[in-house]
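Asks: Fit chain B to the supplied structure of chain A, relying on the hints for placement.
There are 2 protein chains.
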Amino acid sequence: MKRVGIIGGMGPEATVDLFVKIIKNTDAKKDQDHIPIVIDNYPQIPDRTAYIFGRGENPLPYLLESVRRLERASVDCLCMACNTAHYFIEELRRETKVPFISMIEVVLEKIVEEGDCKKIGLMATDGTVKAKIYHNAFENAGLEIHNFEGGIQRLIMESIYKLKAGEHEQAKELFKNAISVIKSKSYDCLIAGCTEVPVLLSLIDEELLEGIKVFDATELLAKRVVSLCKD
Amino acid sequence: MKRVGIIGGMGPEATVDLFVKIIKNTDAKKDQDHIPIVIDNYPQIPDRTAYIFGRGENPLPYLLESVRRLERASVDCLCMACNTAHYFIEELRRETKVPFISMIEVVLEKIVEEGDCKKIGLMATDGTVKAKIYHNAFENAGLEIHNFEGGIQRLIMESIYKLKAGEHEQAKELFKNAISVIKSKSYDCLIAGCTEVPVLLSLIDEELLEGIKVFDATELLAKRVVSLCKD
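Taken in sequence, the protein lines are chains A and B. Just so you know, this note's numbering puts 45 at position 45 of the first sequence, and the rest follows in order with no gaps. Just so you know, this note's numbering puts 82 at position 82 of the second sequence, and the rest follows in order with no gaps.
Source of the hints: derived by calculation from the structure; they are not laboratory data. A few of these clues could be false.
The list treats identical chains as interchangeable, and a pair is accepted whether it falls inside one copy or across any two copies.
[Said to hold, decoys possible] Listed below are the simulated EDC-like cross-link pairs for lysine to aspartate or glutamate, each with C-alpha atoms no more than 20 Å apart in a straight line:
| hint | residue 1 | residue 2 |
| --- | --- | --- |
| 1 | K223 | D27 |
| 2 | K30 | E158 |
| 3 | K162 | D188 |
| 4 | K162 | D33 |
| 5 | K162 | D27 |
| 6 | K30 | E57 |
| 7 | K21 | E167 |
The shape of chain A in the complex, shown without the other chains:
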């Protein structure tokens, strides 16, 4: 088995979500069947979106510090439990010899493989949208990503920050409002492209998204990690 290192804490609950999804996607009958994982839950990494908008400290040195900690903890591959942090992935890849799995690439591969998405909507942070993290990766593969207009995007962003603040009820209400508008916009596919979004999705009624295929970036990353690290 290989040991995976997770750069986490962005936020901690999203890191829990990735951890749980790795466990659930592992075929295990006893403790020892599970894969070894080192989680560097490092919530002090500065806000990614704020930096992308030119308002905050650069997260890169903190992300690198986390990479170094995980290298010293002898991990065989790396990943990050934060979509927005993928803005820095190429710089991180240049700094380490440890293979670095990209969540964005995993989602892209899955959507290409399924092949039947007509209109793909992106539920992500303002930072991920502005930096075109998904847009660029998908454009290279001939696929178009749609982000949401101001009002919906604002609801998504606010619900993400409410969740990070532990205000689950408010987060849920804001997110429900976003989803009910999105529902009317003829998307057949949605990317849960912020690690807080699957946590938000778990708070709302599944029926709200009936008929729309949701690609959960966290779940897809978890599956990739398990398939790479098992035996």
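Replies: Positioned in the frame of chain A, the structure of chain B alone reads:
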């Protein structure tokens, strides 16, 4: 803030439970308010109970390997998300300069502080019971720990292993049966003294334990970790 290192993977779900309890017990309004944690989820650590009964590989070298990994990841204090593994805590403490928090000591301090427990029952693995991990620690403080007779203990142990095998429904039924017998035995206090037990408790109806005070070792450890690591 201090960085805590968690020796985990015994099992992974119990490690998630400790991680979640640390997050929930932290007063945080944004990611950066949370404490830094390194989790070494190392499910390959051999079965603790099997070893205590002379049937399996010694977990100590694996636990030490985990301590070394966490030391290299620059943690400021250590703990373990497994009560039975505390059989080895003194040997581990001798091997590291990093302060090592004991779950058993944290539970003992809490029970002494509350001061009103008359009959304390221990829900734990066969290994924790046989090695008298709680019994000895509490005896030194003048407190008596009661473990359960064969039939109930067997139900508890089986439910723990079913949970580790991911068989939640069966685990829940076995555990419910154990609790309904325990309920008739005049305990006023119970220690959830296996990290799988709080997970089992979360699966059953709270009313089943009405009138009995439950000391969740995982929750108490989480609170201690937060108070030690915050600022």
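Asks: All hints are to be evaluated individually against the structure, with a verdict given for each.
Replies: Checked hints:
1. K223 x D27: Close inside one copy (11 Å), not across copies (32 Å); limit 20 Å.
2. K30 x E158: Classified as between: cross-chain Cα gap 12 Å, same-chain 40 Å, threshold 20 Å.
3. K162 x D188: neither (27 Å within a copy, 39 Å between copies)
4. K162 x D33: between (36 Å within a copy, 14 Å between copies)
5. K162 x D27: Only across copies: K162 and D27 sit 14 Å apart there, 34 Å inside one copy, limit 20 Å.
6. K30 x E57: between (43 Å within a copy, 15 Å between copies)
7. K21 x E167: Cα proximity of K21 and E167: across copies only (16 Å, versus 23 Å in one copy).
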